[in-house]
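Those protein sequences? They're chains A and B, same order as listed. Residue numbers for the first sequence follow this note's numbering, beginning at 34 and rising by one. Residue numbers for the second sequence follow this note's numbering, beginning at 304 and rising by one.
FYI, nobody ran anything at the bench for these hints, they're computed from the structure. Watch out, some of these pointers could steer you wrong.
Stated by the list, open to error - FRET-style restraints, in silico, Cβ to Cβ: (1) B:Leu458 to A:Ala341: 39 to 47 Å; (2) B:Asp378 to A:Ala341: 45 to 53 Å; (3) A:His95 to B:Gln404: 22 to 30 Å; (4) B:Arg342 to A:Pro93: 40 to 48 Å.
To be verified - Heads up, incomplete: computed chain B residues facing chain A, CB under 8 Å, no partners named: (5) Asp366; (6) Asp377; (7) Asp378; (8) Ser400; (9) Arg450.
What the hints assert, rightly or not - Just a sample of chain A residues kept apart from chain B, beta carbon distances all over 10 Å, derived: (10) Asp48; (11) Ala82; (12) Leu87; (13) Val241; (14) Ala344.
All values derive from a computational prediction rather than experimental measurement. From the three backbone atoms N, C-alpha and C, an ideal C-beta is built for every residue, glycine too.
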Amino acid sequence: MDCNETRRLLDADSDGELDLVRHLEIEAHLRACPACAERAAAIRARRAALRESLPRFTAPPHLAAKIRAALPSAAAPVAVSAVPVATVSPAASAVPTGLATAPAASAAPSVFAAPVAPSAPVAMVSPAAASVSAAPAAPTAPAAAPRAERAAKIIFPLWQFAGLAASLTLAGLVGYTWGHARAHAGLVVDEAVADHIRSLQASHLNDVASTDQHTVKPWFAGRLDFSPPVADLAAAGFPLTGGRLEHLDGHPAAALVFHRRQHAINLFIWPAGPTALSTARAARQGYATETWTQAGFNFLAVSEIPAAELAAFAQAFRASQTPAVSP
Amino acid sequence: MLPHLDAAYNLARWLLRHEQDAEDAVQDAFVRAHQSFDRFRGTDARPWLLTIVRNVCYSRLRDRRRHAAPEPFDDEAHGAAHDPAEANALAWRETKSALLQQALEQLAPEFREVLVLHELEGLAYREIAAVADIPIGTVMSRLARARQKLQAALLALAAQEPTHGL
């Protein structure tokens, strides 16, 4: 590849949008050509400057309430209250992972709960139910869907009134906090799975592609206000392949990318703060997830590998962070 | 909780450059999305929602300019995008946030849009193509051109700055 071709493709390459062959060709050219390498460095710096310095505006606090008030509450919304609604209809292909349900104790009707139609019901899966029963729910979904749909049609008007009263009383109970935490954890898993899928679809797995943890870990310095723990688990069969910046649960996060055979594992890492996640496993749309907290960081791993293998990965990572005990 | 509210507001705010307009546009978009949600099939609702936000914003931009019919955006018609070779990595790292924001706001909305969707929302070329309703090749060229124009706008602004610039 010559300079002209390289320069033409440098933008797309730094965006992670090129196929592997051309990416390697460009890397080879950059190693041999200081002029193009300097240009590539400028492109990376520009990208970093844009991402760090361009404001990403967040919605003002009153906007959410204003919008909810404007949305018509008719047309069969499913009010998600303390009762988990746990059917996922196969005909509707997938519950959009980006759309979250309201916290368990909220009275507001769940936005984007589609009208319950006979042909293709899309039921919102309550996070509390999903994290516990997503796997067993799936095989029984075809049978359960029509029944639940009729039940939802009958029950929901009651819940709209009862939900308001229930949430007011629940707010005073300890159970509210627990339910909120469970719902929150479920939302974070939803978000992480969506990030994982997006990273695969766009082939945008890595901002820094390296199997060397001593390259990956310092790369995050200056890009995040924390230093994520990095480990190479190649010995356990999970080689590190790179990392990128992510955003999860309202925090900038590190995403470390590992591979198991040809499957990618995204390990999201961000500081725990007051909202430490409890250890949990959950499944979403065929992806396994594992969540845990260690040494002040939240960890969330997502992959399409079997849950047992992901558990082994999580175990190996946790072990790598524990100082070895000398006999 | 409203999904992707921040992403929607961010795009609207950058396109309309006005807080109240952005709020109204986002509200409009969510109402429309709610109405057509039963037709949505997919795993990631964010690009779908952003398409609606984008369309609402461009309608408002047209209303502002009081154009009757939508004009197709001509990537070439916005002046030659010369490539300022002087800017280097060090200069980019020192670029101030306010200057960047000012420069980005100077670009045409179609250029601003691809930069916001790519750099701030992290959408892939394919997703940007879906949201903006343009071919992927156009996403690539528009993004490259937008970056050049941003760089040129920054240089111009920095030259007016009393302290160090690019």
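### Task
Check each numbered hint against the structure and report the violated ones by number, ascending.
Of the numbered hints, 1, 4, 5, 6, 7, 10, 11 and 12 do not hold.
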